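K.L.:
Throw the hints in and build the complete structure from the sequences for me.
Protein chains: 2
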Amino acid sequence: IGDRAKQTPKGEWIMGGDWDETKWTPAKLPTKELIDPVTPETPVFVNRYDGHMSLANSVALQLAGVTAKTPGPLGGVIVRDAQGNPTGALKDAAQDLVNKVIPPLTHEQRVKAVKRALAHAASLGVTSVQNMDPDYEDIAVYSELLQRGELTTRIYAAPLITQVDDQTKIGIRHAFGGPFLRIGALKAFADGSLGSATAYFFQPFEDQPNNHGILSDEMHPVSLMRDRMMKADAAGLQLCTHAIGDQAISMILDIYSEITKSHGAADRRFRIEHAQHMAAKDFDRFAQLHVIASVQPYHAIDDGRWAEARIGHDRASRTYAFRTFLNHGMRLALGTDWDVAALNPMLTVYAAVTRATLDGKNPNGWFPEQKLTVPETIEAYTMGSAYAEFQENEKGSITAGKLADMVLLSDDIFSIPPEKIRDVKVLKTIVGGKIVWDAAEQK
Amino acid sequence: IGDRAKQTPKGEWIMGGDWDETKWTPAKLPTKELIDPVTPETPVFVNRYDGHMSLANSVALQLAGVTAKTPGPLGGVIVRDAQGNPTGALKDAAQDLVNKVIPPLTHEQRVKAVKRALAHAASLGVTSVQNMDPDYEDIAVYSELLQRGELTTRIYAAPLITQVDDQTKIGIRHAFGGPFLRIGALKAFADGSLGSATAYFFQPFEDQPNNHGILSDEMHPVSLMRDRMMKADAAGLQLCTHAIGDQAISMILDIYSEITKSHGAADRRFRIEHAQHMAAKDFDRFAQLHVIASVQPYHAIDDGRWAEARIGHDRASRTYAFRTFLNHGMRLALGTDWDVAALNPMLTVYAAVTRATLDGKNPNGWFPEQKLTVPETIEAYTMGSAYAEFQENEKGSITAGKLADMVLLSDDIFSIPPEKIRDVKVLKTIVGGKIVWDAAEQK
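Chains as they are written, first to last, in my numbering: chain A, 1457 to 1899; chain B, 1457 to 1899.
Just so you know, these hints were derived from the structure itself, not from any lab.
Don't take every hint at face value.
As the list claims (entries may be wrong) - Quick list of in silico lysine to aspartate or glutamate cross-link-like pairs, EDC-like style, CA-CA up to 20 angstroms:
no., chain 1, residue 1, chain 2, residue 2
1, B, Lys1625, A, Asp1621
2, B, Lys1687, B, Asp1673
3, A, Lys1858, B, Glu1764
4, A, Lys1625, B, Asp1537
5, A, Lys1687, B, Asp1589
6, B, Lys1625, A, Glu1600
7, B, Lys1625, A, Asp1868
8, B, Lys1625, A, Asp1795
9, A, Lys1717, A, Asp1663
10, B, Lys1687, A, Glu1593
11, A, Lys1625, B, Glu1764
12, B, Lys1625, A, Asp1622
13, B, Lys1687, A, Asp1738
14, A, Lys1625, B, Asp1594
15, A, Lys1687, B, Asp1537
16, B, Lys1687, A, Asp1594
17, B, Lys1556, B, Glu1600
18, B, Lys1625, A, Glu1564
19, A, Lys1625, B, Asp1622
20, A, Lys1687, B, Glu1593
21, A, Lys1687, B, Asp1594
22, A, Lys1884, A, Asp1868
23, A, Lys1568, A, Asp1594
24, B, Lys1817, B, Glu1764
25, B, Lys1890, A, Glu1850
26, B, Lys1687, A, Glu1850
27, A, Lys1625, B, Asp1589
28, A, Lys1890, B, Glu1850
29, A, Lys1625, B, Asp1621
30, A, Lys1568, A, Asp1795
31, A, Lys1625, B, Glu1850
32, B, Lys1625, A, Asp1894
33, A, Lys1687, B, Asp1591
34, A, Lys1687, B, Glu1600
35, B, Lys1687, A, Glu1600
36, B, Lys1625, A, Glu1850
37, A, Lys1625, B, Glu1564
38, B, Lys1625, B, Glu1606
39, B, Lys1687, A, Asp1591
40, B, Lys1858, A, Glu1850
Predicted model, so just to flag it, every value in this text is computed and none were measured.
P.N.:
Take a look at the structure:
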């Protein structure tokens, strides 16, 4: 950060980061004192890799007006030292205190970023993405590239539910659009993350006995979330709700249940994003409500390193519980959660099939009874994810009449040893019958 | 109206109408006194067939609070008697004074109306429509029917330009959507109509020497229209502007020219709807700006009965000047302007090819030098209209790879005498390869 500050023009911010304190020794949250000496004039706001916490330096806190007197916002935490002074670490909604003073990206910066992302996706064999919580300015870039014929990845965009009125107003419904770009969904947040200790549980964390997480700002009050979701559902928009802690999941299932009772049966395909830590009592009604569990298996082999220390054995046994989901007849949709995790789908398959944590301590799988087979994983990752965006008749399998989105791999993932899957390479990526990436053409 | 009032429940309105005073003897505007005696308790608001004038009875005027003291709004006219009292006839923006007190349609009423319209279109061989100025609630009905698989006509919807912010905000561009429903266009109004004497001309009407028409409320001030159009174009939305009088057309070309200068060259497909009475000086720049003339030939054989009396021979010679448009290399898109005119496309073809006015007084054509051939008419009505909605690669011709939208007619319109074309029947209507109407199955 010090090196970067020397090259950063006055007035510009240092951002990005993707830090993970669990990989440091000691594994403690960073404070602004770590970076203040090397950034005396440059505002810094670098995020934890999960996006649920960021570290600001003193310049950034000053620009944002965050002091010892600033109250913690609903749905967020200003981490403080013993004297009550902000340490620089801001959790969930507290990040907005700084975000709102950061200059927005220019259109040109967005175009550049989207083009890099498209090239990255093509190189990894990703032919469709579900884009959670885009800015409308991002959708404008997608539209522009669509019209120039430059979209090489299909996008289903789900703006934040706080903006529900914008889509309901003009009369569009779920999955509105064409094969390369659709809107009509909404992303909501019920709580935070396990790593930032902001996922909302019924019981406290094992390592933080006075903390059982926090509900997001969108859930204050819960009736606000319910009203927005009712409005969205009445208009035919699809709901995709981030819920990680068992109580957050339970509360969203409560709302989904109320919507179904209030509006009657319909093919609405409610989603819960992550569905990470399930209460034992909730599997059945999750299935009965036909909610889709939109899960990212890579998190299991990453968080699996330390999750049990935070929530104990019992809750860990219902964490990333993919096998239990299938046993209850629930539909799975697989994804990566990029850029929280890597975009490489081979890592997703590897993680779902092996559950071998990144620290090498669980070579036979962390809670191995939750492992999926390769065919189950591929089915959930293709047809399951297509179903989760209402496109199971258009994609999700190599079938005559469907979109010709295909990937040629270096190995047969159905026959090689599972631990080799993470090393499989993409040789060609084909979208709509066109080769959009070819390994043979790379240096 | 008196009969209808007897069956109308208390509190409900009598609407519709589509009256045309030119067909009455004497050909004078109606007044509320004609209907007040038979509608003592029922509000009535019946529109002239062109939609640019409506007649209110006294109950309706009272509900709307329109009195002798009510000032005429910008872009509208309250027709008054010698004492200054409203006669009940309200032109253009003045109609909004009453419209705003009429209860809106319910969702069920809209669904019923849209279904009837779809069936009507299918029966006439109409496979695609461009829907100018829909309510968002109408688009919501289209979306609902789309998801139920019940749309049998493809729709490109262009909400009113006063709502420009709603579409620019979410990042969509022109023709956004799928093969059955697209949005991303805006309908604007520059002026009124010839029949209501509200089309905006450089010189006064021959029969109303103190009136040269009025600009619409959207043009007060013109800078407001320019700002909205600049904003729409910057966001990539398509502009479809109603302009009938020669000065209104000229002013819109001015704005289109400014947009092109300001934003640079692009495939934006500006449209002028009607382009009815052209100034001689404007044909060239109309072509240079690549503006599409979106015209409705049936109006020529209807208005042709009386247009010369209103605007004189010289201006009439540049009225519905389809041949002159083609000579200048301009692109035409043909349509019906339903429900201002009938939806039957055979009447459009008949009108463009014969220009034989409905009163039988011009059997060889009104300004016959402006007649089109059948092939020219069909090209403009299919490929031209497809181009005007950015879909020339998807439809507009029967070509492998395009949408299978086709009509089977009772006769070969390319070989029968032109005057027989109006009697040609549709035997089958095929949309997306599915028969959506079959004459053989009707009683």
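K.L.:
Give a verdict on every hint.
P.N.:
Going through the hints against the structure:
1. For the hint linking Lys1625 of chain B to Asp1621 of chain A, the alpha-carbon distance of about 12 angstroms falls within 20 angstroms, and the restraint holds.
2. For a cut-off of 20 angstroms, the pair hint linking Lys1687 of chain B to Asp1673 of chain B stands: about 18 angstroms separates their Cα positions.
3. At roughly 57 angstroms between alpha-carbon atoms, Lys1858 of chain A and Glu1764 of chain B are farther apart than 20 angstroms, so this suggested pair is violated.
4. This hinted pair does not check out: Lys1625 of chain A and Asp1537 of chain B have alpha carbons roughly 42 angstroms apart, beyond 20 angstroms.
5. At roughly 25 angstroms between alpha-carbon atoms, Lys1687 of chain A and Asp1589 of chain B are farther apart than 20 angstroms, so this suggested pair is violated.
6. A hinted pair counts as satisfied when its Cα atoms are at most 20 angstroms apart, and Lys1625 of chain B with Glu1600 of chain A qualifies at roughly 14 angstroms.
7. Of the supplied pair hints, the one linking Lys1625 of chain B and Asp1868 of chain A is violated, its CA atoms being roughly 45 angstroms apart against a limit of 20 angstroms.
8. Using a Cα cut-off of 20 angstroms, the hinted pair Lys1625 of chain B and Asp1795 of chain A is violated, with the two alpha carbons roughly 25 angstroms apart.
9. Of the pairs offered as hints, the one joining Lys1717 of chain A and Asp1663 of chain A is violated, with about 39 angstroms between alpha carbons and a cut-off of 20 angstroms exceeded.
10. Distance check on the hinted pair: Lys1687 of chain B and Glu1593 of chain A sit about 14 angstroms apart at the alpha-carbon level, within 20 angstroms; holds.
11. Of the supplied pair hints, the one linking Lys1625 of chain A and Glu1764 of chain B is violated, its CA atoms being roughly 44 angstroms apart against a limit of 20 angstroms.
12. At most 20 angstroms may separate the alpha-carbon atoms for a hinted pair to count; Lys1625 of chain B and Asp1622 of chain A meet this at roughly 8 angstroms.
13. For the proposed pair Lys1687 of chain B and Asp1738 of chain A, the alpha carbon gap of about 49 angstroms is over 20 angstroms, so the pair is violated.
14. Between Lys1625 of chain A and Asp1594 of chain B, the direct Cα distance comes to roughly 11 angstroms. Compliance with the 20 angstroms bound is thereby established for this hinted pair.
15. With a C-alpha separation of about 49 angstroms, the suggested pair Lys1687 of chain A and Asp1537 of chain B falls outside the 20 angstroms cut-off, and the hint is violated.
16. For the proposed pair Lys1687 of chain B and Asp1594 of chain A, the alpha carbon gap of about 18 angstroms is at most 20 angstroms, so the pair holds.
17. Distance hint between Lys1556 of chain B and Glu1600 of chain B is unfulfilled; the C-alpha atoms sit about 26 angstroms from each other, more than 20 angstroms.
18. In summary, the hint linking Lys1625 of chain B to Glu1564 of chain A is supported, as the alpha carbons are separated by about 18 angstroms, within the 20 angstroms threshold.
19. In summary, the hint linking Lys1625 of chain A to Asp1622 of chain B is supported, as the alpha carbons are separated by about 8 angstroms, within the 20 angstroms threshold.
20. Simply put, Lys1687 of chain A and Glu1593 of chain B have alpha-carbon atoms about 14 angstroms apart, close enough for the 20 angstroms limit, and the pair holds.
21. About 18 angstroms separates the Cα atoms of Lys1687 of chain A and Asp1594 of chain B, which keeps this hinted pair within 20 angstroms; it holds.
22. With a CA separation close to 14 angstroms, the supplied pair Lys1884 of chain A and Asp1868 of chain A stays within the 20 angstroms bound.
23. For the suggested pair Lys1568 of chain A and Asp1594 of chain A, the alpha carbons sit about 11 angstroms apart, so the restraint of at most 20 angstroms is met.
24. Our distance criterion of 20 angstroms between C-alpha atoms is met by Lys1817 of chain B and Glu1764 of chain B, whose separation comes to about 13 angstroms.
25. Under the criterion of a C-alpha separation no larger than 20 angstroms, the hint pairing Lys1890 of chain B with Glu1850 of chain A is consistent with the structure, at around 19 angstroms.
26. With a C-alpha separation of about 35 angstroms, the suggested pair Lys1687 of chain B and Glu1850 of chain A falls outside the 20 angstroms cut-off, and the hint is violated.
27. For the given pair, Lys1625 of chain A sits about 15 angstroms from Asp1589 of chain B by alpha-carbon distance, which is consistent with the 20 angstroms threshold.
28. Taken as a hint, the Lys1890 of chain A and Glu1850 of chain B pair is honoured in the structure, with Cα atoms around 19 angstroms apart against an allowance of 20 angstroms.
29. Taking the CA atoms of Lys1625 of chain A and Asp1621 of chain B, the gap is about 12 angstroms. The hint holds against a cut of 20 angstroms.
30. With a C-alpha separation of about 16 angstroms, the suggested pairing of Lys1568 of chain A with Asp1795 of chain A holds against the 20 angstroms cut-off.
31. For a cut-off of 20 angstroms, the pair hint linking Lys1625 of chain A to Glu1850 of chain B is broken: about 28 angstroms separates their Cα positions.
32. A distance of roughly 37 angstroms separates the Cα atoms of Lys1625 of chain B and Asp1894 of chain A; the hinted pair therefore is violated under the 20 angstroms criterion.
33. Only pairs whose Cα atoms come within 20 angstroms are accepted, and Lys1687 of chain A paired with Asp1591 of chain B is accepted, the gap being roughly 19 angstroms.
34. Note on Lys1687 of chain A and Glu1600 of chain B: the hinted pairing holds, with a Cα-Cα distance of about 15 angstroms set against a maximum of 20 angstroms.
35. Restraint check: the Cα-Cα separation between Lys1687 of chain B and Glu1600 of chain A comes to about 15 angstroms, which is no more than 20 angstroms; the hinted pair holds.
36. At roughly 28 angstroms between alpha-carbon atoms, Lys1625 of chain B and Glu1850 of chain A are farther apart than 20 angstroms, so this suggested pair is violated.
37. For the proposed pair Lys1625 of chain A and Glu1564 of chain B, the alpha carbon gap of about 18 angstroms is at most 20 angstroms, so the pair holds.
38. About 29 angstroms separates the Cα atoms of Lys1625 of chain B and Glu1606 of chain B, which puts this hinted pair outside 20 angstroms; it is violated.
39. For the hint pairing Lys1687 of chain B with Asp1591 of chain A, the CA-to-CA distance comes to about 19 angstroms; that is within 20 angstroms, so the pair holds.
40. Proposed proximity of Lys1858 of chain B and Glu1850 of chain A is supported: the alpha carbons are some 18 angstroms apart, at most 20 angstroms.
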